[in-house]
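K.L.:
Single-letter residue listing:
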Amino acid sequence: MKHLDEYRDSEKAKLILDAIHKKVTKKWNIMEICGGQTHSIVKYGIDELLPNEINLIHGPGCPVCVTPIEKIDKAIEIASNPNVIFCSFGDMLRVPGSKTDLLKIKAMGFDVRIVYSPVDAVNIAKQNPEKEIVFFAVGFETTAPPNAQAVFLAYQMGIKNFSVLVSHVLVPPAIKAILDSKNNRVQGFLAAGHVCTVMGFKEYEEIAEKYKIPIVVTGFEPLDILQGIYMCVSQLEEGRSEVENQYARVVTKDGNTKAQKIMYEIFEITDRKWRGIGEIKESGFKLKEKYNEYDAELKFGIVNYSVEESGECISGLILQGIKKPVDCSVFGAKCTPEHPLGATMVSSEGACSAYYLYKEKKL
Amino acid sequence: MCLAVPGKILEITEGDELLKTAKVSFGGAVKDINISFVPEAKVGDYVLAHVGFALNIIDEEEAKKTFDYLKQMGDIG
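Protein chains in written order, with the working numbering: chain A, 1 to 363; chain B, 1001 to 1077.
Treat the hints as calculated values from the structure; they're not laboratory data. Positions of the beta carbon are idealized from the N, C-alpha and C atoms, including for glycine. A few of these clues could be false.
[Claimed, not checked] Derived pair list, reagent style BS3-like, types lysine-lysine, alpha-carbon separation capped at 25 Å:
1. A:253 to B:1064
2. A:258 to B:1008
3. B:1064 to A:2
[As the list claims (entries may be wrong)] Only part of the chain A face toward chain B is listed, based on derived beta-carbon distances under 7 Å:
4. 12
5. 15
6. 36
7. 146
8. 197
Kindly generate the complete structure, drawing on both the sequences and the hints.
P.N.:
Okay, here's the thing in structure tokens:
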């Protein structure tokens, strides 16, 4: 496939690897923000081909992993209503709540459906006027505009039996939280290419300047990631701290302003709890008051909720880059993708799942 | 979750502004993709699709530059 296969060429990968080996003189900790990048890095063994001086830290950029346990429990409560058709992206179904997960609710006979697009959920609402259709609106800035568009379409078409359970998160506040943490070891970032496709990279320039840290907007294929690492290492070795754009074939400085416009029409910034990390100020989206009738939490009266996390899972430390999956005592034994104890083992983009899938044999 | 896939526009279905849709081929698998965020997209363009929406048109010139950069790297190496 064009725009994919050419970025998986092993000869070209060797060229960049050689250049990285020549460039590096000191130890550097670089964090890839996005779980999609973590998946590629571990799948293609990029981390093992890099010089020993470079330590890749896997960031919190997996919405499935950071959706708070309370939201999963709320989703389960709503989905357990016989009059509801609960629609979600597929990877949310196996995320463990405090007692069960959405897939088990579906197995019990409740109507839980996997949709490809949020607009599919609006169409289901149109086709089933006697039912309440609830869409689980999760994701980073990449997914916020499509989800916003679904709400706007329902609003425009006067569809009243559609609502959304919102758990949107934002990347820049998470980067700042990592950098402000006293445990921080990150010296450079690979920013998430698809988040920046929507948002551009202006908001990262302020972070690079304030924290004196290089940020390279990076794509997802092996050559993209290797080039992003090369650009980041070059900045570190040369003492620069700028925002550079490796993924210019889809990312511009301003991003997609049409997508941003619909996103800000529907959502406004709010404080958001991240699973395993805790609350981060102004790190998420909620529906604007104008669209309250589409807020599933208000519609089903389940606004306040507090749940304790299980003590065994260290996904919070993994999401902050403090520990790696192999540091966990239950990794690969009590906790597997079939029986995950924490969200980082559920999503294929979670660091634990990526390690289990691609590194298990080597452990 | 932020997975987005490049695909080629085969045909544009002139829908309502918010529902402007194109038939997009992903290596032969054809899907309807909402192109309202990139209304300027034309048949033959490659778009980056995510959850049924095109997030941007792939810039062929910039894509070429990536490989020019790599070539340069090889020359230096």
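K.L.:
I'd like to know which numbered hints this structure contradicts. Please list them from smallest to largest.
P.N.:
Those not satisfied: there are none.
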